[in-house]
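Make a model of the complete structure from these sequences and hints.
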Amino acid sequence: MSKSNVSMTVNGKAVSAEVESRTLLIHYLRENLSLTGAHIGCETSHCGACTVDIDGKSVKSCTIFAIQAAGAHVLTIEGMANADGTLHVLQEAFREMHGLQCGFCTPGMITRAHRLLQESPNPTEAEIRMGISGNLCRCTGYQNIVKAIQYAAARINGVEYKEAAE
Amino acid sequence: MIPGTFDYHRPTELSEAIGLLGRLDADARVIAGGHSLIPMMKLRLAAPSHLIDLAAIAELKGVRVEGAEIVIGAMTTQHEIIADEILATRAPILKEAALQIADPQVRYVGTLGGNVANGDPGNDMPALMMALDAHFVLSGPKGDRSVAARKYYNGPYDTAALPGEILTAVRFQAPAAGHGYAYEKLKRKVGDYATAAAAVVLTVSAGQIATCSIALTNVGDTALEAAAAAQAVVGSTLDKASLAQAVAAAEAITAPAADGRGSAEYRTKMAGVMTARALRRAFARATA
Amino acid sequence: MNAPTPPTSLERAEKLQGMGCKRKRVEDVRFTQGRGNYVDDIKLPGMLHGDFHRSSHAHARILKIDTSKAKAVPGVVAVLTAEDLKGVNLAWMPTLAGDVQMVLADGKVLFQNQEIAFVVATDRYIAADAADLVEVEYEALPVVIDPFTAMAPDAPVLREDLKDKMTGAHGPRKHHNHIFNWSVGDKDLTDIAFVKAEVSTKDLLSYQRVHPCPLETCQTVCSFSKITGELTIYGTFQAPHVIRTVVALISGLPEQKIHVIAPDIGGGFGNKVGAYPGYICSAVASIVTGVPVKWVEDRIENLSTTSFARDYHMTTEIAATRDGRVQALRVHILADHGAFDACADPSKWPAGFSNIVTGSYDFPVAHLSVDGVYTNKAPGGVAYRCSFRVTEVAYAIERAMDIMAQKLGIDPVDFRLKNFIKREQFPYPSALGWEYDSGDYHTAMEKALAATQYRQLREEQKAKQEAFKRGETRDIMGIGVAFFTEIVGAGPSKNCDILGIAMFDSAEIRIHPTGRVLGRMGSKSQGQGHETTWAQIIATEIGIPADDIAIEEGNTDTAPYGLGTYGSRSTPVTGAAIAMAARKIKAKAQMIAAWMLEVHEGDLEWDVDRFRVKGNPEQFKTMAQLAWAAYNKVPPGMEPGLEAVSYYDPPNMTYPFGAYICVMDIDVDTGVHKVRRFYALDDCGTRINPMIIEGQVHGGCTEGYAIAMGQEIAYDAQGNVKGASLMDFFLPTAVETPHWETDYTVTPSPHHPIGAKGVGESPNVGSVPAFANAVNDAFKFLGSTHIAMPHDAYRVWQAAEALGLHA
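Chains as they are written, first to last, in our numbering: chain A, 1 to 166; chain B, 1001 to 1288; chain C, 2001 to 2807.
Treat the hints loosely; a few may be bogus.
Computed from the model, here is a short list of chain A residues facing chain C with C-beta under 8 Å [said to hold, decoys possible]:
id : residue
1  : Thr44
2  : Thr86
3  : Met130
4  : Thr140
5  : Gly141
6  : Asn157
Source of the hints: derived by calculation from the structure; they are not laboratory data.
Glycine included, C-beta positions come from ideal geometry on N, C-alpha and C.
Here it is as structure tokens:
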């Protein structure tokens, strides 16, 4: 159980910690860096509550060893806010559209939604649902999460958000 | 939730990886995307003492055309397969299947090599490789050799790869322009393994099926090449009788496990339904 | 210069963000930034981690436990077994249902994954390694898995600790695996009605075992100070005060030295009401070591051991006249409680409120009998978003009404309309002992029918059935209707208590001199948004903007005693306490205002945020001004300050209701379904925050969808648990989850201070039978009368196969 130094960039900051090879990235973030935004909801890589962004990819941080991410650029929910401290459009959108209740899936969901909108700046509802299909939520039934992402997309694209007819 | 301990290696050259695999304990494993292996390690169903990470070996990535063949590096991710222009035009069945594998996060990391190499009967790409009559390039201490996908799988987690070999690339003849294809996967939800799935690649000439290959996912100890089912529709216009014969032939080779998704009988029947639907869709594409 | 026009009453009301408006949530500010404070976020100096070694067997004697290898792992501080807990009299603990439960396996194990040893180590990785190294020798014993065999004459003895006790907490036990019988209603009159019945139906309607599966599992950090003798327990507790009292009773530690804090909780749904071995072992480990101990269960542990839900097998009979009037209802329930009856019910209700099984219908006479049995499965069950078994019996009555309607040849909606309790009949005394507070079922049903164009859907269905018979399609169409009445808001002290503590709830409201407010309640949100909605109630009651009102829950030192949040009880009980406390404050403020304005109290009227003199509205004092005055100069003889506490003992339960309609298409060749439309109309009385209500309905319907269409915790014949990971336990993603249409009517509760009834659980109650009825409705024209849940593709295909549709 020997440890080695693993360094990477998290939310723009160079970080490093002494960890075992087997230390999962989610534990590196939560325990070594005290970034407790990403959460653990399962151990079979299904729930997506641990989702972070690594070098432009959405990754379940419970299914990668920290050492595999050495040298990478990692973005977590704690790095989503703008440089001036104002909230990211997605963070505002989730509040505006009631896209969360207990908040446990929310960091992973927002981090994933961020990458989704980079992949597809103007997604249809079906694309959004497919896009977040790696993130489980037990509280919202996803409907308002979809609306939040649509609202954020509209804001980012500078168009008016139109709520779809019921 | 917590895996056992192991030593981690991250070679930058393929020769280095092969060397490590030869030198280290017999239970050393290569790790590609890790999204099959790491979950097993977290449940302590796998406990390799060494992990050899292939992520830094550049030559294992990428999609290229070599003459009539398409070559895909083993470390190409499902996400990259979906985005690849060559594959989108020359072998679109790969994109169609990749989109039905797991979920967006897993697809960013999961690799083609990882999906075909270890002989997990639940994986989707083996059937695709059989339908494309692909060959796997296995690199070892004695050099490279090629094994047909149709001959690679012996049983669950039992493949033709020898100890010390790494699956480094997949090669197949690009299907003819205008070919028909479909991957029809019955699953309970996104991210689920197939209850049953069928891959079909065919060509049509003057309204009749000229060539056809069919392979099935997760209805046997391995992916299954449904040669008789394919033969049943060659020369036909995919009329009702030929289709029924193909379905019967596909069902006949299945030997599925019963599990939470259904009984063996149900999964056999679903293999038949998926075969029929894949054939119809592939035929429609080829005659569009 | 002209003075600006003063804001109107309406403008001032809007600024308050009080009851009825879609106030954005206060909680979201921290959650969207990843700054929630959940139990596993807590790190205390010197904290150790605990992990369990668990049983591989479902029923076995323990011959030997060898912890030596585990103890030898560097970093392991202790390994506890039942022997260690016996020293502090905690090897067993009382359950909420009057039973006892092993904390660590004592001599035998009774379900797979049962806790055997608790490893405490310096980090969670070491704890996991060491837990793997505990070695146990078992002698396998025969298992009882099928509850219908639990009371066979030759059934193995499961609870050897109860072998000679033929009386349990709820009365006589008729077999060593029997727990209780609970019966209510008039058996004789009911039996007579069935003898005389023109038409009757009888069906076994089973609600399979599932699990609440909140995204955050159960966890705790226990921290004992050997210096002060104080025990601080952070945990995923829906009822933190109850946990504190239970810990005091079982540990002997004085209650004032026990500090229970429930921080942010990542979903509860009933999973986090009771006490689990992980909590007890962590507390003991902390007491023994004098340092904090954290225990976090993983998902497989959660799904297979921290309780379960449902597992009710309901033989349901309806007697009716040939022209469709129900005459009697007779139900027998076999309740599978697993190895220990750890059911989270009010203590006098071993079968919860299952006597709401008469539902929305005017049954003149009824009888219900429930038998609980032990089996070799995880103990429980908990009230999974169901207010104590309401989901189970709502499924039974809604399926049974459909089955009877089919037998009579009457449309299921018309059959319901014919038998609804009428508006004039409220308050309605049901044949099984409840007094329903208010309802207007016909209005709600008509609204639902109009919104979904129900009659046209039936026409479309008829046409599709003909097309199917002609072989033109392999799809069949189902229309599922559910009209539920549920019972929430436990409850009146006369019949509701948890371990002897009456089920009141509480609110303490304090107004600061600058007119800002701090409210503390005995409830505990796990996503319901109390920080947002409780402020809305106070805002409307006392005229201070919701944004100026801070709400706290979960710290048992500061929050007044409450029974927690589950069973949709918060709005009915805590919400009432909030209104009552606010009104005490308002009454005092009125006295101050009268004195300041030099009028009699009776000369004042309330206008949104102020008292003003009747007929002289320029003479007013706002609540903010009165708050300052309360600390400044109060009328002679009055105490300064402006605060109030209310402990509210509800006079009755509340009875939300709703009309849910599901349209579904099923491919008979694969068994795969597609939900075309789902319409949910809820009547929860007064609506505090429509946005939050809608969110609750979306979430509850999604849970109900999963339950009806595939979710299950199953066991094989040897007692191996199946489906206890997210690989197999069906949780739909955003792709499978249907689109939800929500609607409402408002029928206030006459006995509730703000007329509100609660809504959190209604969607789980109503959606499951709506989906199940849709599946069953699709197959009716082919001769099917009942297909059991869950309706996964395989089982639906099996139903089609049995009907000969694949020939």
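Each hint, compared with the structure:
For threonine 44 of chain A, the interface hint holds, since its Cβ comes within 8 Å of a Cβ in chain C; the closest pair sits about 5 Å apart. Residue-level restraint check for threonine 86 of chain A is violated (minimum Cβ-Cβ distance to chain C is 11 Å; threshold 8 Å). Interface hint at methionine 130 of chain A: satisfied, since its Cβ lies 6 Å from the closest Cβ of chain C, which is below the 8 Å cut-off. Hint status for threonine 140 of chain A relative to chain C: holds, with the closest Cβ pair at about 5 Å, below 8 Å.
For the restraint placing glycine 141 of chain A at the interface with chain C, the shortest Cβ-Cβ distance is roughly 3 Å, inside the 8 Å limit, so the hint holds. With a cut of 8 Å, the hint placing asparagine 157 of chain A at the interface with chain C is violated, because the nearest CB-to-CB distance is about 21 Å.
In this structure, the earlier hints numbered 2, 6 are contradicted, and the remaining ones agree with it.
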